[in-house]
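Asks: Sequence:
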Amino acid sequence: MGCTEVILKISSSTSPIIGKIHFDNIITEALVKGLPVVEYSDNTAAKEIKDIWQ
Numbered sequence: 142m143g144c145t146e147v148i149l150k151i152s153s154s155t156s157p158i159i160g161k162i163h164f165d166n167i168i169t170e171a172l173v174k175g176l177p178v179v180e181y182s183d184n185t186a187a188k189e190i191k192d193i194w195q
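Sequential numbering from 142 applies to the sequence shown in this note's numbering.
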C-alpha cells in the first residue's frame with residue numbers, strides 16, 4: 142500500500158489527518174542518536190512536527 146492509498150484509507154475513517162511530515166533523513170539520524178527530531182534539527186520535518194503538536 143502506497144502513501145496516497147494510506148492517506149485515502151485514513152481520511153475515509155473516523156480518524157482525522159492533522160498534518161503531514163515529509164520524509165527526511167534527519168529523522169533517522171535523530172532517532173539513531175536518541176534525540177527528539179525537534180531538538181536535533183530545525184529543518185522542514187521538524188517544523189512540520191512542531192506545527193502538528195501545536
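Just so you know, not all the hints are guaranteed correct.
[Said to hold, decoys possible] Below, in silico cross-link-like pairs of lysine-lysine (DSS-like), each with a Cα-Cα straight-line distance of 27 angstroms or less:
#1 K188 <-> K161
#2 K174 <-> K188
#3 K191 <-> K161
#4 K161 <-> K150
#5 K150 <-> K188
#6 K150 <-> K191
#7 K191 <-> K174
#8 K174 <-> K161
[What the hints assert, rightly or not] Distance ranges between label pairs, derived from CB positions:
#9 G143 <-> E180: 28 to 34 angstroms
#10 G143 <-> L172: 30 to 36 angstroms
#11 V173 <-> S152: 28 to 34 angstroms
#12 D192 <-> I151: 14 to 20 angstroms
#13 T145 <-> N166: 18 to 24 angstroms
#14 L149 <-> L176: 17 to 23 angstroms
#15 S152 <-> L176: 17 to 23 angstroms
#16 T185 <-> I148: 17 to 23 angstroms
#17 S152 <-> K174: 29 to 35 angstroms
No lab work stands behind these hints: they were computed from the structure.
From the three backbone atoms N, C-alpha and C, an ideal C-beta is built for every residue, glycine too.
Asks: Give a verdict on every hint.
Replies: Hints, verified against the model:
{"no.": "1", "hint": "K188 <-> K161", "verdict": "11 angstroms, holds"}
{"no.": "2", "hint": "K174 <-> K188", "verdict": "19 angstroms, holds"}
{"no.": "3", "hint": "K191 <-> K161", "verdict": "11 angstroms, holds"}
{"no.": "4", "hint": "K161 <-> K150", "verdict": "15 angstroms, holds"}
{"no.": "5", "hint": "K150 <-> K188", "verdict": "25 angstroms, holds"}
{"no.": "6", "hint": "K150 <-> K191", "verdict": "25 angstroms, holds"}
{"no.": "7", "hint": "K191 <-> K174", "verdict": "20 angstroms, holds"}
{"no.": "8", "hint": "K174 <-> K161", "verdict": "23 angstroms, holds"}
{"no.": "9", "hint": "G143 <-> E180: 28 to 34 angstroms", "verdict": "31 angstroms, holds"}
{"no.": "10", "hint": "G143 <-> L172: 30 to 36 angstroms", "verdict": "23 angstroms, violated"}
{"no.": "11", "hint": "V173 <-> S152: 28 to 34 angstroms", "verdict": "32 angstroms, holds"}
{"no.": "12", "hint": "D192 <-> I151: 14 to 20 angstroms", "verdict": "18 angstroms, holds"}
{"no.": "13", "hint": "T145 <-> N166: 18 to 24 angstroms", "verdict": "22 angstroms, holds"}
{"no.": "14", "hint": "L149 <-> L176: 17 to 23 angstroms", "verdict": "33 angstroms, violated"}
{"no.": "15", "hint": "S152 <-> L176: 17 to 23 angstroms", "verdict": "32 angstroms, violated"}
{"no.": "16", "hint": "T185 <-> I148: 17 to 23 angstroms", "verdict": "18 angstroms, holds"}
{"no.": "17", "hint": "S152 <-> K174: 29 to 35 angstroms", "verdict": "34 angstroms, holds"}
Checked against the numbered hints given earlier, this structure breaks hints 10, 14 and 15; the rest are met.
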